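Each chain, letter by letter, is given below.
Protein chains: 2
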Amino acid sequence: MGNQLYSPVLQAHLSDVEKALPAYLPQDNKAPQQLLYEIMSYACEAGGKRLRPVLVLEFCRVCGGDTARAMPFACAVEMIHSYSLVHDDLPCMDNSSVRRGRLSAHAAYGEAMAVLAGDALLNRAFEIILDPANRSGIPEEYALRAAYELAGASGAGGMVGGQALDLLYENKPVDLDILEKLQHGKTAALFEAACAVGCHIAGAGAEKLTAAREYGMQLGMSFQIVDDILDATATSEQLGKPAGSDIEHGKATYVSLLGVKAAAELAKERVQKAVKALSVFGNKADALCDLAFALLKRKK
Amino acid sequence: MGNQLYSPVLQAHLSDVEKALPAYLPQDNKAPQQLLYEIMSYACEAGGKRLRPVLVLEFCRVCGGDTARAMPFACAVEMIHSYSLVHDDLPCMDNSSVRRGRLSAHAAYGEAMAVLAGDALLNRAFEIILDPANRSGIPEEYALRAAYELAGASGAGGMVGGQALDLLYENKPVDLDILEKLQHGKTAALFEAACAVGCHIAGAGAEKLTAAREYGMQLGMSFQIVDDILDATATSEQLGKPAGSDIEHGKATYVSLLGVKAAAELAKERVQKAVKALSVFGNKADALCDLAFALLKRKK
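Line by line, the protein sequences give chains A and B. Residues in the first sequence are numbered from 1 upward in steps of one, following the working numbering. Residues in the second sequence are numbered from 1 upward in steps of one, following the working numbering.
One should not assume that every hint holds.
Identical chains share a label here; the pair holds if one copy fits it or two copies do between them.
Here are the simulated EDC-like pairs of lysine to aspartate or glutamate, each with C-alpha atoms no more than 16 Å apart in a straight line [stated by the list, open to error]:
id, residue 1, residue 2
1, Lys300, Asp28
2, Lys30, Asp177
3, Lys30, Asp290
4, Lys251, Glu141
5, Lys181, Asp28
6, Lys19, Glu140
7, Lys297, Glu265
8, Lys273, Glu141
9, Lys251, Glu180
10, Lys181, Glu170
11, Lys297, Asp94
12, Lys300, Asp94
13, Lys172, Glu141
14, Lys297, Glu38
15, Lys268, Glu141
16, Lys273, Asp290
17, Lys276, Glu214
Hints in this document: simulated from the structure, not taken from any laboratory. As the structure is a computational prediction, the values presented were derived from the model and not from experiment.
Using the sequences and the hints, build the whole thing.
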């Protein structure tokens, strides 16, 4: 999947993340809670595109930073994403027993241990970025800014807030304003934070930081719109219905609100805004520009 | 409850925590996810003794620090404690519909929103201590140390790990070694971290930090033993059975493993060790000394 989306520089980040991530997870075969560690690893394996950590590393590189120093932060972002998937899949939430083509964490290990593994991944994310051993060479203020950025994006005003809106508006009328707030929280907030975290570690100034946040936000929003279009297209093809003809599973989507055509137009506009924001980085940001267009055209 | 346990200096901390805590929780009546914020507040209300934040503030004071600066950290510790209670009460965990004399979060607001409110409280804890607005006057390295201490104590090697052991060893043979590891994780790790966090904010040196951790650990372990004794005594009085005659709810306790008398002896030993560790602080630590004995003698 990475091969189709990523130019060589991003592909190299993906490869580095895959190598680094397991080492940041707790590993102790003799610990009595070893099963908890196993579930944490399980939830982070088979991670798909690893978009968020790749964004951390690439923004760090583009801002002239050392990507090796950004790696704990990149892996922390991926752990936060993974914890959110574990909790989202729970029976009381989206009740999904499949994730990335295999059993979801609670389907494989039981609900209680899945709740705990999610909690543990969130804690672990903060633990690794605050660990002095992983902050070597990073000015303290940069580390603090990056950690604060992540905490804000993950919490009640960001990702958890978006998931709460998703639940609270199920089977209720949703307008575009609410849908945008919901998807900003669920998806775009962490994209935005990932881009900003890379800049923080590189010590980038306000102009670059603002541009990175704008890129991440627009990329995250367009990512979600494309998701909705792909879901609706697949569903309508399967069921022989015209796309956009209903609200899937009692949840509003960009397609249910706007139809496929207008949703696709909105995704394209957002990608154009994302790319425009990259101008402050000059041609160093070519890979990020290519990524935005590749995500728009992706087929799954 | 606080009045019986706390000397005036600790009582003042308790009062300060009660005043400060609501302001650190997200509040926005117009936010569409306002219900999430409401549940976060609900979970932090009626908080009982507030032992952990009181420990943060008192160790800060005893080490010569400014307790006002330690307040966000104190409130963060309480949020982490509250999140853990919300998740522990879930139907898939301890399945408890009552907490502190009223409905538990999931009983009041539903399971899905309770999971999210717990997640949001954990995130919020890190958000408030990393927020530059709340770190004014605290050297960056001190704030980082305190945040790292908390992340470690809360996660897979601490509180979440202890809860995992609690689940993994349900209805299985448990020896004292496992029970100690379990209770260290579930209870003592966060007590220990609370004491250390207060020292970090005050910029205390290694000797004081080690002493504070020892006090917190011993206090937390004895706290749990006393809990087990109080539970067993209440249960056996209700059922007319001799205390220590069975394993309650399929879970081993200090009483089920040792009997009431030896368990009480162990709690007393641990309190003595806790008090001994305070010697490096001289008579500044009198309130902490009194607290340890008061917790040992508590009736609920």
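Structure-based check of each hint:
no., hint, verdict
1, Lys300 x Asp28, "neither (36 Å within a copy, 37 Å between copies)"
2, Lys30 x Asp177, "between (51 Å within a copy, 14 Å between copies)"
3, Lys30 x Asp290, "neither (46 Å within a copy, 39 Å between copies)"
4, Lys251 x Glu141, "neither (41 Å within a copy, 45 Å between copies)"
5, Lys181 x Asp28, "between (41 Å within a copy, 15 Å between copies)"
6, Lys19 x Glu140, "neither (26 Å within a copy, 31 Å between copies)"
7, Lys297 x Glu265, "within (12 Å within a copy, 69 Å between copies)"
8, Lys273 x Glu141, "neither (30 Å within a copy, 38 Å between copies)"
9, Lys251 x Glu180, "within (13 Å within a copy, 47 Å between copies)"
10, Lys181 x Glu170, "within (14 Å within a copy, 42 Å between copies)"
11, Lys297 x Asp94, "neither (27 Å within a copy, 47 Å between copies)"
12, Lys300 x Asp94, "neither (20 Å within a copy, 39 Å between copies)"
13, Lys172 x Glu141, "neither (44 Å within a copy, 47 Å between copies)"
14, Lys297 x Glu38, "neither (35 Å within a copy, 41 Å between copies)"
15, Lys268 x Glu141, "neither (37 Å within a copy, 44 Å between copies)"
16, Lys273 x Asp290, "within (13 Å within a copy, 62 Å between copies)"
17, Lys276 x Glu214, "within (9 Å within a copy, 56 Å between copies)"
Comparing the model with each earlier hint shows violations of hints 1, 3, 4, 6, 8, 11, 12, 13, 14 and 15; every other hint is respected.
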